[in-house]
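Following numbering that gives the first Met the number 0, the numbering of the sequence shown begins with 0 at its first residue and continues without gaps.
It cannot be assumed that every hint is accurate.
Unchecked claim - Estimated spans, in silico, between C-beta atoms of each pair:
#1 His186 / Gly158: 21 to 31 Å
#2 His275 / Gly88: 20 to 30 Å
#3 Asp222 / Glu40: 43 to 53 Å
#4 Pro20 / Gly334: 32 to 42 Å
#5 Gln122 / Pro45: 14 to 24 Å
These aren't lab readings, by the way, just hints derived from the structure by calculation.
Yeah, the Cβ is synthetic: ideal placement off N, Cα and C, and Gly gets one too.
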Amino acid sequence: MNRRVVVTGLGAITPSGLDVPALWDAAAAGRSAISVLDGQEFAALPVRIGGVVRGFDATGLVDPPLVRRLSPVQLWAIAAADQAMAQAGLDPQGLRTGDPLPWDATRTAVLAATGSGPIDAMQAATRALDARGPRGVPLSLVVHGAPDAAAALLSERYGARGTAHGVTATCASSAIGLGEALRRIRHGYADAVLVVGMEDCLNPVNLASNANLRALATGYEEDPTAASRPFDRGRRGFVMAQGAAALLLEAEDVAAARGATPLAVLAGFGESSDAHHPTAPHPRGRGAAQAVAAALADAGLDPHAPAGIDHVNTHGTGTPAGDAAELAALEAVFGEHARRIPLTATKSSTGHLLGASGAVEAVLAILTLRTGVIPPTINLDDPEFDGWDIVRGSARAAGPIRRVLSPSFGFGGHNGALVFETPHPQEVR
0 MNRRVVVTGL GAITPSGLDV PALWDAAAAG RSAISVLDGQ EFAALPVRIG
50 GVVRGFDATG LVDPPLVRRL SPVQLWAIAA ADQAMAQAGL DPQGLRTGDP
100 LPWDATRTAV LAATGSGPID AMQAATRALD ARGPRGVPLS LVVHGAPDAA
150 AALLSERYGA RGTAHGVTAT CASSAIGLGE ALRRIRHGYA DAVLVVGMED
200 CLNPVNLASN ANLRALATGY EEDPTAASRP FDRGRRGFVM AQGAAALLLE
250 AEDVAAARGA TPLAVLAGFG ESSDAHHPTA PHPRGRGAAQ AVAAALADAG
300 LDPHAPAGID HVNTHGTGTP AGDAAELAAL EAVFGEHARR IPLTATKSST
350 GHLLGASGAV EAVLAILTLR TGVIPPTINL DDPEFDGWDI VRGSARAAGP
400 IRRVLSPSFG FGGHNGALVF ETPHPQEVR
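Turn these sequences into a full structure, and let the hints steer you where they fit.
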């Protein structure tokens, strides 16, 4: 079995806005979502900026007692999933109250992709244990405190009775989750898979740890919007952000049978491990190149053909080593053609949502396919890398775009790459 896999629904709760149109509007406009972090707990940190989800209200999303028990990141995941289901033509509230799914519920999977999951719950429970002893630790930690808890919550919410679990691969988590969904549908283990990428590490512990590692951009408290600067000579590291994004994937025949509109085809996936260093990428991008090459091969594409990839939404975090290794990987795969492919780095606008970033960038890649518009890389004032076609300053109306590559790389050497294509690439000239 080798079924085509289509994306039929998108959802997003991000620092750039509380739905997909708001996320796209900010990215296409080159508007930064980075701000100074509020709260006295951040005052002594070496980094006090980040991408914060603002204005989110969980009223009516789940029952009030559950709102109190869940972490914000899980509520964002549920809200993003509801958006994706609604765009796919389903009624989230109806499913919640017993309406059946339009396909076999036993062949419907849910994957929650995250680097850390509801880490705030574990930190709060640890503080409670220190302050009040064992009886102070909340019971809800057992049920809702694990990285996979959101998958179980969404499975129950929609009546999805296939597999439901977490996918964890640091900053490549969402890309690998989407790749696993592709494989499950393509090879006949599922008819539909809901993938939710989620992350919230904007707390003093995680900020301090990453700052001590010298991974974060520092010194931008006066102008936080200038902090995330992928591929710029003055880049100092990434900017952490929080949020969630969701994509509903279906077998093309299943989507067609119920009259759903495909937004894009997930045509290829590749993954690898650098097997090199806990935090530093291989300097020549060896593992990243392996994942990208595998994704192209999976999609049946020749990396050197002009009719292959039309755009790359890069991982582009703004770390000195990471950006250089990523471009080296693209050059290793595409050869001289690499410098003719328009690139962008939307983390310059959104910040780095860690394990959720691959899902957010998949949403943006699909919207680039659908609009023909490539969002800009902002804060690219002094490009370090000559001869590359990095879209900057303002969005580029590139005309019809057939295929977009969306790679994700993470600490630990985790690499994932996705190829999205328009549902009918042969009709695009």
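To see whether the hints hold, each was checked on the structure:
no.: 1; hint: His186 / Gly158: 21 to 31 Å; in the structure: 24 Å, holds
no.: 2; hint: His275 / Gly88: 20 to 30 Å; in the structure: 44 Å, violated
no.: 3; hint: Asp222 / Glu40: 43 to 53 Å; in the structure: 22 Å, violated
no.: 4; hint: Pro20 / Gly334: 32 to 42 Å; in the structure: 37 Å, holds
no.: 5; hint: Gln122 / Pro45: 14 to 24 Å; in the structure: 19 Å, holds
In terms of the numbered hints stated before, the structure departs from hints 2, 3, listed from lowest to highest.
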